[in-house]
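**Q** Here is what each chain is made of, one letter per residue.
There are 6 protein chains.
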Amino acid sequence: MTEDRQPKVTLDPLSRELIRLALREDLAGYGDVTSAWTVSADRRASGRIVAREDLIFSGAPLAAAVLAEVDPDAGFRLLVEEGSPLERGQTAVTLEGSARSLLSAERTMLNLLTHLSGVATQTKRFAEAVAGTGALVVDTRKTTAGLRLWEKRAVRHGGGGNHRFGLFDQVLIKDNHLVAAGGVAAAVGRAREQAPFGMRIEVEVEDEPGLREALAAGADIVMLDNMGPEELAVCVRIARAARPEVLLEASGGVTLETVRAIAESGVDVVSTSALTAGAPPVDLALDFD
Amino acid sequence: MTEDRQPKVTLDPLSRELIRLALREDLAGYGDVTSAWTVSADRRASGRIVAREDLIFSGAPLAAAVLAEVDPDAGFRLLVEEGSPLERGQTAVTLEGSARSLLSAERTMLNLLTHLSGVATQTKRFAEAVAGTGALVVDTRKTTAGLRLWEKRAVRHGGGGNHRFGLFDQVLIKDNHLVAAGGVAAAVGRAREQAPFGMRIEVEVEDEPGLREALAAGADIVMLDNMGPEELAVCVRIARAARPEVLLEASGGVTLETVRAIAESGVDVVSTSALTAGAPPVDLALDFD
Amino acid sequence: MTEDRQPKVTLDPLSRELIRLALREDLAGYGDVTSAWTVSADRRASGRIVAREDLIFSGAPLAAAVLAEVDPDAGFRLLVEEGSPLERGQTAVTLEGSARSLLSAERTMLNLLTHLSGVATQTKRFAEAVAGTGALVVDTRKTTAGLRLWEKRAVRHGGGGNHRFGLFDQVLIKDNHLVAAGGVAAAVGRAREQAPFGMRIEVEVEDEPGLREALAAGADIVMLDNMGPEELAVCVRIARAARPEVLLEASGGVTLETVRAIAESGVDVVSTSALTAGAPPVDLALDFD
Amino acid sequence: MTEDRQPKVTLDPLSRELIRLALREDLAGYGDVTSAWTVSADRRASGRIVAREDLIFSGAPLAAAVLAEVDPDAGFRLLVEEGSPLERGQTAVTLEGSARSLLSAERTMLNLLTHLSGVATQTKRFAEAVAGTGALVVDTRKTTAGLRLWEKRAVRHGGGGNHRFGLFDQVLIKDNHLVAAGGVAAAVGRAREQAPFGMRIEVEVEDEPGLREALAAGADIVMLDNMGPEELAVCVRIARAARPEVLLEASGGVTLETVRAIAESGVDVVSTSALTAGAPPVDLALDFD
Amino acid sequence: MTEDRQPKVTLDPLSRELIRLALREDLAGYGDVTSAWTVSADRRASGRIVAREDLIFSGAPLAAAVLAEVDPDAGFRLLVEEGSPLERGQTAVTLEGSARSLLSAERTMLNLLTHLSGVATQTKRFAEAVAGTGALVVDTRKTTAGLRLWEKRAVRHGGGGNHRFGLFDQVLIKDNHLVAAGGVAAAVGRAREQAPFGMRIEVEVEDEPGLREALAAGADIVMLDNMGPEELAVCVRIARAARPEVLLEASGGVTLETVRAIAESGVDVVSTSALTAGAPPVDLALDFD
Amino acid sequence: MTEDRQPKVTLDPLSRELIRLALREDLAGYGDVTSAWTVSADRRASGRIVAREDLIFSGAPLAAAVLAEVDPDAGFRLLVEEGSPLERGQTAVTLEGSARSLLSAERTMLNLLTHLSGVATQTKRFAEAVAGTGALVVDTRKTTAGLRLWEKRAVRHGGGGNHRFGLFDQVLIKDNHLVAAGGVAAAVGRAREQAPFGMRIEVEVEDEPGLREALAAGADIVMLDNMGPEELAVCVRIARAARPEVLLEASGGVTLETVRAIAESGVDVVSTSALTAGAPPVDLALDFD
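Chains as they are written, first to last, in this note's numbering: chain A, 474 to 762; chain B, 474 to 762; chain C, 474 to 762; chain D, 474 to 762; chain E, 474 to 762; chain F, 474 to 762.
A few of these clues could be false.
Because identical chains share one entry, a pair is satisfied inside a single copy or across any pair of copies.
Below, computed lysine to aspartate or glutamate pairings styled on EDC-like, alpha-carbon distance capped at 20 angstroms [as the list claims (entries may be wrong)]: (1) Lys597 / Glu526; (2) Lys647 / Asp515; (3) Lys597 / Glu730; (4) Lys597 / Glu681; (5) Lys647 / Asp760; (6) Lys597 / Glu666; (7) Lys647 / Glu569; (8) Lys647 / Glu686; (9) Lys597 / Glu560; (10) Lys647 / Asp762; (11) Lys647 / Glu681; (12) Lys647 / Glu679.
The set of hints was computed from the structure by calculation and includes no laboratory data.
Model the full structure from these sequences, guided by the hints.
**A** Structure below.
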């Protein structure tokens with residue numbers, strides 16, 4: 474266990490603001506009145522964050538930052554590597570500091586950790602389902618307000634990959650854009666003209682003719698939406714023959730049951746919101762010593 | 474349908490900041506580059522947010538505020554009352570405005586609505602399970618960072634009740650506080666001395682002796698933690714006999730299967746994190762006209 | 474004097490923002506130009522904050538945070554306990570650090586300390602006036618913008634108690650709410666239905682019939698507004714007989730002259746804005762060594 | 474009464490933040506729960522802010538901005554000119570809007586108006602005391618955190634003048650600066666070298682030798698600190714003879730009783746914290762129609 | 474001239490904050506004291522922003538937002554299309570509103586417009602210099618704090634293209650990354666594994682062997698740094714032969730004199746900081762009617 | 474080299490926000506993805522900021538604060554005094570810390586330093602041009618959004634002086650104010666009445682009659698706008714004869730070629746935007762060891 478595995482609590486400003494929001498809604502007015510009024514200011518405490526079920530652990534820097542925001546002098550020590558599997562009963566983190574601070578930060582830390590580790594654990598199930606197919610399971614933009622960065626990180630901890638961060642870092646042309654622009658060729662052309670020269674352009678298609686149009690229009694990535702495994706396989710063959718460098722993404726109707734068949738169609742990535750929006754929280758608790 | 478049912482977009486500052494965070498993570502840099510580069514600035518669009526399954530609808534003012542933040546001139550019209558059940562295929566909201574604005578706001582609005590309506594829908598299941606028992610199902614502090622206000626509101630839309638808002642508006646003395654304070658009598662006494670005179674003091678107990686101590690110490694509310702229905706019933710009888718005005722809360726091990734038996738013990742409220750943290754998102758989509 | 478009595482400068486976010494506002498209005502542009510241009514950057518200084526009259530001291534953590542915001546390396550050492558009486562000439566705090574930093578922070582620190590200690594000192598006068606009556610003198614919401622938390626804390630330092638923190642943590646139904654809701658029974662009923670189950674509901678009444686209605690409606694607290702000592706005593710008897718657990722508050726016309734007679738009526742609390750809005754600042758100065 | 478006398482609610486950012494702080498401390502969590510739960514959302518109300526004693530009215534734009542922050546659609550109509558005297562019973566402002574909004578904003582508006590009108594009213598007493606002497610009574614930096622701008626404005630409404638806004642817009646060299654710089658000549662010289670060429674430099678002196686040094690050093694303004702009327706008169710004669718363009722300020726020991734004698738010494742301005750820190754709030758109330 | 478050409482003043486949050494900073498540094502304390510004290514509140518004014526030299530106009534929405542921040546009721550009407558050339562004497566914008574508002578906003582608006590139009594005008598010179606070569610001149614990250622978005626937009630108005638927005642939306646591996654990662658193959662491999670699947674990876678190389686390594690490692694874009702036109706041409710031939718889909722960027726030593734020869738080497742883009750950091754402001758003035 | 478020359482990174486809030494804006498636009502989403510994905514978290518690095526041309530160095534505290542914002546543990550050591558001349562090849566600053574942190578902060582630091590040192594270097598040229606005339610070259614309000622404080626500081630580093638900080642700290646009456654107020658006498662009178670008593674009042678005039686009016690109206694400073702050296706000299710004589718304490722400023726048409734002749738007219742200050750808006754960035758680079 475080396476020191477450098479300890480999470481840095483210098484977060485990006487957006488995450489710092491989210492933490493402050495989370496604390497503000499729990500600690501308005503006088504804050505944690507129960508602790509303030511029943512626990513003396515100089516009482517120390519220590520405790521451990523323990524897995525109550527098997528899980529993939531994720532979210533440590535955010536939890537550490539919550540504690541640091543409540544009390545910069547409290548100690549947060551990560552005993553495991555994020556992304557590694559924890560067995561039921563295993564300790565992920567030890568905490569040490571003012572008893573008041575640990576009590577005030579407890580719930581906000583756990584709410585974040587149980588959710589993010591839930592995302593990592595859920596992703597692991599999908600990643601294992603497609604193991605060996607050559608396809609990568611990736612997330613979508615169906616994420617929790619303010620937590621996208623952390624959910625995408627948890628997806629990587631679970632063995633998945635990431636789609637674009639947001640609306641800003643990749644072009645993804647869908648139906649409504651095509652209608653507004655007057656067709657695929659026009660839409661791709663207008664985007665190419667204005668995008669930073671290194672940004673890829675993706676087009677969503679519903680069927681084989683749509684795919685052929687997108688390939689002809691010069692799309693860098695094609696999303697094959699809501700197709701069954703066979704139709705996907707046909708589309709993959711067409712695209713590889715026409716423009717081998719184009720990336721292919723399957724999307725829609727992806728569940729733990731269907732994901733392997735979809736991945737075996739030969740696409741590069743399979744995207745699904747089930748990694749994030751549908752991930753049940755795992756059970757983690759803070760046990761005081 | 475009267476005008477005054479339209480959601481006001483003047484939110485509390487915390488919610489406004491959360492919306493800005495959610496938009497910032499999706500719209501960094503140039504923002505929605507696809508729409509900016511493929512859809513002309515003066516193109517108008519309209520659409521409807523439609524239920525894709527039966528659900529209880531919640532979260533409209535937050536979604537409306539997302540749209541207003543993206544574009545103050547876009548229109549958001551709520552066609553149903555929050556808290557009312559929607560059938561699959563029913564339209565909840567109609568939208569109208571610049572095509573770019575609707576496309577840029579779409580995902581952030583839907584992410585919030587599918588989650589909050591999921592909370593309301595989940596709560597409805599619990600509320601129906603205890604119907605007629607006289608007990609109220611209430612939420613906990615296991616909520617999503619920045620969304621507590623809205624999740625608690627969704628719980629009410631689903632027919633549940635609320636526990637305290639946060640650490641600040643009610644005293645809730647748990648194990649660790651008792652240890653630190655040196656017992657129930659000391660903890661309740663210290664809290665009473667410092668709390669605003671109108672604030673209630675709750676004590677968490679694990680068994681009958683704990684209950685008796687809490688009653689003797691003058692607790693206003695007692696949380697009966699992790700007890701089975703029979704043990705709960707015994708405790709209820711003891712408490713009602715000793716101090717009839719005391720409120721009784723059951724907590725721990727609450728699922729859709731167990732909640733009715735717990736409620737029938739005679740407690741005033743049953744609290745469970747399953748209303749919020751465990752609520753699966755419902756399916757809502759934005760269909761452009 | 475133990476270290477742990479030193480104030481922590483990790484304030485709640487609202488107080489941090491207030492401090493920044495106070496410093497921004499004093500230190501816009503280049504900031505403290507006089508110090509910057511006449512005192513060299515490496516000059517050190519030390520000083521003491523001294524009482525120029527007898528007073529109850531309050532506000533140390535806020536003053537410490539002002540100094541820390543101006544210069545995190547400056548030292549602020551509290552020599553007395555907040556809430557304890559200081560005699561004229563007594564030193565409350567010693568300061569040490571860059572001369573520029575102490576000079577720049579001086580006025581903002583003193584403005585806060587003289588006001589908050591003024592509140593504590595004023596409260597002491599009221600608390601002494603009711604000593605032995607069993608009633609508690611409490612504050613109101615007539616506080617200074619951004620300082621409510623600190624003024625309520627100063628009230629406790631002076632031996633008073635607190636009313637609710639704000640509009641958010643207790644229901645207090647007044648005239649206009651009654652009119653809008655259609656009577657006491659309706660108002661209390663609607664509030665009870667929606668309030669967190671542990672939140673108390675208070676009703677303001679003007680006379681005996683109002684009191685009876687409030688008791689019948691199930692109010693948890695009744696505010697007896699603008700009544701003389703005799704009328705109060707009558708109301709107290711009625712209420713104790715009907716519902717002994719109900720809390721009773723007297724309000725209106727409370728001065729240092731009238732407060733004891735009001736308290737002797739048997740109410741639980743007497744509330745008055747004179748603790749905060751009417752409190753004259755005390756005399757505290759920073760003497761450089 | 475012309476429209477343009479209505480206060481604009483586009484405040485400077487600092488004042489907007491102060492308003493948000495004031496509202497946040499009153500409206501955390503669900504905000505005004507009493508109004509939310511007892512008054513229906515579509516109920517309208519109107520009312521008037523009425524003087525309960527004779528006073529000078531000040532602070533309207535800030536109060537208007539409070540209301541606008543709570544509800545941009547509520548109406549705030551100023552019936553009098555700020556700085557004009559109001560008689561007991563006179564209406565200063567009429568309000569109209571959602572009943573909930575008016576009730577939620579009421580206390581925060583009144584807290585600001587009673588304080589700022591208190592400052593204006595207090596200043597009026599001082600201004601009248603020096604009428605005809607040629608001296609101007611001005612404020613100091615002993616102001617309320619976040620409200621300096623508004624208190625200085627209220628001082629002008631009361632017929633007083635302003636000292637510098639803060640540490641940033643004028644050089645004021647005091648004892649500690651002199652010690653650090655090594656004397657008056659050095660201090661003034663160093664400040665002159667670095668200050669914007671149009672900024673005046675003031676020096677505080679305790680006696681006649683100090684005054685002579687300050688004049689010799691080229692001070693633009695001299696503050697005569699803690700001198701009696703005769704000593705002041707001597708100093709005024711010395712200064713007028715030596716450098717007639719120099720401005721002279723008397724400071725220290727200024728009360729309603731002493732201010733006229735001080736002013737009659739011939740100084741240009743008399744400064745006192747009694748205009749702001751010592752100003753008792755006036756009585757203003759919101760009467761609903 | 475259609476209405477929809479009027480700039481929308483709903484900016485991204487970062488730009489709104491920049492505007493507030495710019496106004497805060499100009500309008501601290503009482504703000505524009507000269508206008509407040511010499512111009513009556515109800516005086517109206519109108520004016521026009523006029524080119525004092527030939528230029529390409531850019532920055533209108535930012536200037537409009539400055540005015541709207543100062544006064545939401547002031548009018549800003551854009552008479553030309555951004556990116557279009559203005560001749561000396563031509564009016565770009567007409568303004569109308571409170572005289573105080575226009576005077577207070579004038580300098581901040583002009584500072585932004587003269588700079589951003591300077592960037593567009595400078596870019597036009599470079600774009601014209603490479604006309605017909607097939608290469609695009611693009612910007613770099615050498616931009617003004619807080620204005621990157623607007624400078625990159627001005628570059629497009631001048632006929633240039635954009636490089637990545639920041640460090641976040643494209644991988645660009647330079648010397649120091651290579652050393653740290655242990656070579657090109659390792660660096661590209663590690664980045665590919667973690668990047669969103671659609672993000673391109675660029676490698677900076679200094680010479681032909683570097684180019685060959687980058688191509689072998691699978692780089693999507695190669696930056697050819699500090700090469701002369703001939704060396705560039707050789708590299709272009711090598712790259713096109715090996716992997717025709719790879720994008721090629723020339724960088725370093727780019728001036729108005731050298732840019733055409735560099736562009737004629739056959740690279741896809743030529744990047745230079747001269748479009749932004751080196752752009753002289755153009756002359757634009759606000760003439761009041 | 475003493476420790477106290479190391480820049481303090483406790484900046485004023487406005488500068489801190491500017492730094493955050495600058496970092497946010499470069500480090501949105503996952504931030505510096507290249508460094509995150511190719512450089513291991515525990516790799517250390519050191520480097521030096523080196524002058525690539527002769528220059529006057531300025532901006533160190535801002536650059537240090539950028540690095541501290543990215544990583545509070547990174548080291549920034551200033552080897553030279555700001556305002557001192559650096560020769561080509563000379564090291565101004567050494568850096569040490571996590572390799573990722575230095576790489577992420579590099580561009581934002583350099584963008585600020587090359588600009589601010591550019592301002593100082595440009596000012597030096599003007600200051601040398603007027604050496605010996607007794608006039609001071611000062612800046613204007615034509616500055617970069619958010620950087621005014623730092624540019625004015627750089628001007629002082631280059632040997633220039635400062636005009637007012639903004640619209641808030643000095644009255645400067647121009648044409649439009651005169652028209653609105655109804656003449657010089659009225660404008661000066663109204664300003665005098667409302668300004669803090671120590672604030673100077675400046676009037677801009679275009680010709681000799683204007684000057685005479687301004688002198689008669691009691692202006693403290695007169696700006697002689699757009700006059701040639703002879704006309705200036707005439708005006709200086711008139712003013713010195715009438716009111717010797719009045720400060721005189723020349724403005725308009727000031728270039729490196731004309732500035733000396735203008736200064737020799739006898740004015741106190743010559744103001745020009747060429748110090749800031751027109752300053753070309755200097756060449757500074759970060760060399761890793």
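**Q** Hint compliance check: list the failing hint numbers for this structure, sorted ascending.
**A** 4
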